[in-house]
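J.: Chain order of the listed sequences is A and B.
Under this note's numbering, think of the first position of the first sequence as 176, with each following residue one higher.
Under this note's numbering, think of the first position of the second sequence as -12, with each following residue one higher.
For the chain A half of the interface with chain B, some residues (derived, Cβ under 10 Å), not all of them:
no. : residue
1   : Asp354
2   : Asp355
3   : Ser356
4   : Gln357
5   : Leu358
6   : Glu359
7   : Ala360
8   : Arg362
9   : Thr363
10  : Asn365
11  : Gly367
12  : Ala371
13  : Arg374
14  : Val375
15  : Gln379
16  : Thr381
From the structure, some residues in chain A lie toward chain B, with a derived Cβ separation under 7 Å:
no. : residue
17  : Leu364
18  : Asp366
19  : Pro378
None of these hints come from the bench; they were simulated from the model.
Backbone N, C-alpha and C fix where the C-beta goes; we use that ideal spot for every residue, glycine too.
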Amino acid sequence: MSAEEPGRVRAAVGLGGDDGDEVGPGVAALAGAVAAAVLSPLAWLLLRATEIDPAAALSLVTSPTATEVLANSLLLVGVVTSASVLLGVPLAVLTVQTDLPFRRLWTVLVALPLVVPSYIGAFAYVSAFGPNGELADLLGPFGVSVPTVYGLPGTALVLTLFVYPYVFLTTRASLLSFDDSQLEAARTLNDGYLAAFRRVILPQITSGVTAGALLVALYVLSDFGTPAIMRFDVFTRVIYVELNSFGVGRANATLLSLELLAVTAVVLALESRVGGDETAGYGTPASATPVVSLGRYRWVAAALPALVTLFTLALPVGVLAMWLVRSGPGYAGGGLAFRPAFAANSVYVAAVAAGATVVLALPVAYYAGRSDSWFARATERATYLGYAMPGVVLGLALVFFGIRYAPALYQTLPLLVFAYVVRFLPQAVGSTRSSVLGVDRQLLGAARVLGASRRRTFRRVTLPLVAPGLLAGAALVFLTTMKELDTTLILHPTGFTTLVTYIWRVQEAGYYGRAALPALVLVVVSGLSMIPLLRQGGDDA
Amino acid sequence: MRNAGSEEATRSPPRTDDDTGAETVLELSGVRKAYRSETAVSGVDLAVERGELLTLLGPSGCGKTTTLRLIAGLDAPTEGTVTVGGETVAGDGAVTPPEERDVGMVFQEFALFPHLTVAENVAFGLDDLDDAATDARVDELLDLVGLAAYGDRAPGDLSGGQRQRVALARSLAPEPDVLLLDEPFSNLDVRLRVEMREEVKRILDEAGVTAVSVTHDQEEALSISDRVAVMHDGRIEQVGAPGDVFEHPESRFVASFLGQADFLPARVGESAVETPLGSYARARLKGVTDDYRGATVDALVRPDDLRATPTADADADGRVVGRRYAGPSFVYRVELADGTVVSCLHNHTEEFAVGTPVTVELVADHPLAWYPDR
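Starting from the given sequences, assemble the full structure and let the hints guide the process.
T.: Given below as structure tokens:
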């Protein structure tokens, strides 16, 4: 929200107080068209739902299977969210407020699991601890069987390990903006650190913790890869399975999708309330100097981030690296040989998606950054659907659209790219919009006074100035497309294999060694995608 | 004796009042604080008596805020002892945490808890009272600071002056032995600052609390304190009543820090002293002894001690080299024949151009402080 303020201020001081005169009707129409296209999958989904007989729909929704799916999903969200809070908050407190040894290093390391796509994490865990995994191979000869990693415990464990950084990061931000002199004030008023934490710090970081928890909840609801690999029946997994069956399965998938969207909408509504409810301090925020001395427990406390790093980074990367080293002839069998063309396919489709997304983001971002009208806000909001709509649901809607209305497009690259655009448009709009807001309006006024037309002003002044934002947006979309699982799996043209679909096929077949190289490549790619995010968030590490 | 060799004399412990036998509530002895390689406080001795307001005054980086934090327990001294209310709270390696000391503190930015109301802020330190007693005490304090009607407000809705009153009420509520104020007025605008000085002084007097405040503003220190301790480079240079310290600074630093100070070379003779402004009776230098006969000392002259009069070039002591207009007055900088530059305070109606040749006359009606030549 605060990003809007500079724009308003500039609008007031810039030349030409009238806001509308800079944005022509053409831009508004273009932005509206993009918004409509992005919203269309929701329309297809609803259209499909109306075709289902209401009585049948009711019995499907209330069937024991559907109820179980709902219960499983909510249970998983509850467990992962709670566990993420229990893990993320203490880590944030340790790294921000105490004299933990190497706390800068730990800050980076415990945030890093966000870089590993959770399906890769799940794959690594299954390949290490699953029935055909490394541990089973080791212990098998001794007649020891490993407990199963499948189901709720494994799914919850893996998801927690790779998404708790959301809570860590939002809590850390809250703690960094906390004014340390309040803690000192509490201590001079006779509270020890623990009492002061409870009475002064906790109430003020609650909104940060909640924001992170809701991000975790959204992620868990929409994540398909982890529950699919760990075989736990939540919405996304069941929708995917039903999508690939015919007859009543498709109807069931549609209804489950709507149910999932409803649950997601509830979480989003909660999130928007939390976002607006910040009790901002008015003092100067203190620096990130430690305020609590752990004394001789410093090294004991360091065990927590060390263990977390072991399980989130060292173990998965270690497992993948081990498979890589060992992928000798014994692992090369079967008809699933890796080909460099798969990587080329990934790069190709991601580049096309990045280009298309940025081109479509520009009118929306420009309009939203330059106009205060309700229509500008509405078009911008519409593009955020990609955040709210789980990939599996989007895939389903587009499958339905392709089969019913555009058979020529079904299972083609354009439809796949369109799915990527819908999914990642918010990223591009976000970075472009902030650079549009960063353009001093006086420059535009100066160009106009010097005789340049509106179009020429845009080309000669605005575009060069927002180009870095566009590039950053494109890079982000490129990298996230590379690792996108859900829509790629559902919509990729037959015979078009990317890194992601390859990993999926070999992991389903149990050829873990095959997936090691592409999986490591994706981990690196995901790591790169964090760089623009960190740049945007400012370097506060 | 007050002036002679005063820069060395500051190493000795400051005086303690022996005329009243007043009770010492806070005592620092040999307190030193070093951060890694830097020494922030290098040997502070200080005794504060019950009910008085003592101000630590000095430029930024002189160690005054560190001293305050050492008293509060927010930092631990490297060496030395701190005693509050007869109890040693730091010394011999043992340090009592702030929550177990009877000290209150008003923070520079006030540090009010934004998630609590004004009344809840004031009640924060009142853990050991029951609800009724807590409410009564909160009402009493809000009354004292003139905010009786503001109990339900959020701190964010208050003005700067009101926040400061709440911060005062909150720190006074648990009846601390010593109240510490860290640059309490620096966060207020200039007009409010003067008003709040008097208000805070009234509240502290009414509460009868012993207080130590910290500031870099000499006017503030002189106007509200019972005693002022001037700090420089981690040490206390001089402690005393505001008037004493201002009129009889024991060191050049104290003289320069409290108001505009210039130093006039003065050669001590039998009964007269020779200065670039001419010859004056020796008695105009405070307490100068025969030991200094024949020596040249530096006499402290402030702008109101001197007057400039325009004159012909031949009679001039020097010429005007700069002037500062401050509304009601002018301060002229005059460079004397020997290169010494002094300042003269004049009414705003007396306007001389830069370059004007002038005679300068010593008009001070009090003996001048002086320092051995460097």
